[in-house]
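Undergrad: If you're matching them up, the sequences are chains A and B in order. Using UniProt numbering, you'd call the opening residue of the first sequence number 1 and step up by one each time. Using UniProt numbering, you'd call the opening residue of the second sequence number 1 and step up by one each time.
To be clear, the hints were calculated from the coordinates, so they are not data collected in a lab. Beta carbons: idealized from backbone N, C-alpha and C, even for Gly. One thing to keep in mind: the hints can contain errors.
[Unchecked claim] Pair by pair, the computed Cβ-Cβ distance ranges are:
1) A:V132 x B:F303: 35 to 43 Å
2) B:R226 x A:A86: 46 to 54 Å
3) B:W57 x A:R184: 41 to 49 Å
4) B:R122 x A:S51: 28 to 36 Å
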Amino acid sequence: MRTRPVVRVGQYLALAAYIVFLGFPLLWLVSASVKSSSELAALDMNVIPKSLNWGNYTEALQKQGLARSAVNSLIVSLLSMVLVVALSMPAAYALARFKGRLRTVGITWILVSQVFPVILIIIPLFLVLRQVALVDTLFGLVLVYTTFTMPFALWMLQGFVAAIPTDVEEAAAIDGATRFQTLRRIVFPLLMPGIVATAMFSFVAAWNEFFFALVLIQSPENYTLPVALKMFVGGEGKVALGPLAAGAVLATIPSLVIFSVLQRRLTGGLLTGSVKG
Amino acid sequence: MTVATPPAPTAARPQPSKPRKRHDRSSQQRREALALVVPSLVPIVVFSVLPLLQGVWYAFTDATLRRNDTADFVGLANFGRLAGDSFFWNSFKIGIIWAVSVTLLQLVLSLGLALLLNSNLRFRSLTRLLALIPWAMPPVVVAIMWTMIYTPNGGPLNAALGAVGLPSDTNWLGDFNTALPAVIVVGVWVGMPQTTVTLLAGLQQIPLELTEAAAVDGASAWQRFRAVVLPALRPIVVSITSLNFIWNFNSFGLVYVMTEGGPGGQTMLPMLFTYLEAFKNRNIGYAAAMGVVLVIVVVLLLFGFLRSQFKKEA
Chain A
1 MRTRPVVRVG
11 QYLALAAYIV
21 FLGFPLLWLV
31 SASVKSSSEL
41 AALDMNVIPK
51 SLNWGNYTEA
61 LQKQGLARSA
71 VNSLIVSLLS
81 MVLVVALSMP
91 AAYALARFKG
101 RLRTVGITWI
111 LVSQVFPVIL
121 IIIPLFLVLR
131 QVALVDTLFG
141 LVLVYTTFTM
151 PFALWMLQGF
161 VAAIPTDVEE
171 AAAIDGATRF
181 QTLRRIVFPL
191 LMPGIVATAM
201 FSFVAAWNEF
211 FFALVLIQSP
221 ENYTLPVALK
231 MFVGGEGKVA
241 LGPLAAGAVL
251 ATIPSLVIFS
261 VLQRRLTGGL
271 LTGSVKG
Chain B
1 MTVATPPAPT
11 AARPQPSKPR
21 KRHDRSSQQR
31 REALALVVPS
41 LVPIVVFSVL
51 PLLQGVWYAF
61 TDATLRRNDT
71 ADFVGLANFG
81 RLAGDSFFWN
91 SFKIGIIWAV
101 SVTLLQLVLS
111 LGLALLLNSN
121 LRFRSLTRLL
131 ALIPWAMPPV
141 VVAIMWTMIY
151 TPNGGPLNAA
161 LGAVGLPSDT
171 NWLGDFNTAL
181 PAVIVVGVWV
191 GMPQTTVTLL
201 AGLQQIPLEL
211 TEAAAVDGAS
221 AWQRFRAVVL
231 PALRPIVVSI
241 TSLNFIWNFN
251 SFGLVYVMTE
261 GGPGGQTMLP
271 MLFTYLEAFK
281 NRNIGYAAAM
291 GVVLVIVVVL
301 LLFGFLRSQF
311 KKEA
């Protein structure tokens, strides 16, 4: 189909508007992270800084234990990633392979959990964790993240299991392999791409999470990165914008890297669910 | 968690119901299935199902966060008090305005972008990349970034307005009139990627012959959009809009970091209000009652929306 020139111009104008709306804030954040404080205070909109001031990054890492909270975030994210994968792998297999009521209940639960009223859960959850002395600990946070990432991880993984033809497993069974052996030797290796994707997703979910961390973590030495950044904003009256921007950029890098790898896996999803339903 | 989208690739095919072979075999299968599921079931039950039930129970008690406090059953007292709590209902109103406007703007803007990305333009891959980044960013970082954009002195927004001769001293996040619209813009920005990508995937599934046939029959671009594209896209629009609405209504971090509900409660979303009641005022019984009301209202709204959509379809 040919498009009239007038329409084309309109389309490019609209696209330009989208690019500015979506891209400018990102550009500004990156540029602010390398600006000097005097340049940041001036009322202008220079996106290109006059000089590159990497000092913001070193200052951010020294400030308010941002480095320490990054380590905390890393520990929490890695641990919950491992736990999510380990726990959801067998269940995802069961969901994909055994039909019947179990599957229906499982799938319904996964979907409901997407619309979960966290505000209603966080109150008793806080009390439960307080009773077992896990409030204000990184491990408590790991348990919570594992629980709340699992539904989506299960959904993702069971899709990958379902894509593995059952013939392979039946062949192994005929050769006398037990269910466990089949899982270990046949299914597990074939499932590797799915496991990697699920692991990365779980990592990002934990790395970015803010609400649970805000409620459950109280002492500054246990802050995760998002909480530490929030305190950075609220704290000490005048905010040092340069180091704040630098910290924000650093906090985004891991998620961004993982997401660019994951992108295609995540985007296909919603559609398959909605179209076939 | 904000990044969560529900479904991932799944190959759900209709299962022919197998005739039950031998009884012992199916019961062995059941035991196997159970053994596989239990490890993941334990944390889900302990840390989400039980707390959810307990949360509902707290709504009928006078529980507080004080240590050694006993939660006494008070019946519907919390709900009675809530009915007359104008601060809560005001926050509720703000929550609806927030969720509805963010969801609608997300839909309209994302549909526009998806249509552009679906047509044969340059810069598509750049736009696609830009549209995806917000998805990966931690909400706290997004909030910090936009706080900088909105900074009254030295922020680029005011600088740009000043450059074209408009008033350049608006305190976007601090002014009664501009705070809510300002955070709504950020909510739209954050939610666009997922909506755009989903709609784009839907657009790409519409067979080209359909729109081409309409074009041959002399339908204008707008007519083609209304008569062919929109109906085909409808199931996806309905599902992404419902999900967006719930996610937006439950959103917390973004607005909490930007305004903490201020100025003067102008951006006090119900989630923030309930959080403050539970963990600052420490009235968890009362806060749980708020949670219950919020959940019921969201479910009812959603139910009404989906029902009207299905009726139209029938």
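Undergrad: Taking the numbered hints from earlier one at a time, note which ones the structure violates and give those numbers from smallest to largest.
TA: As far as the earlier hints go, not one is violated by this structure.
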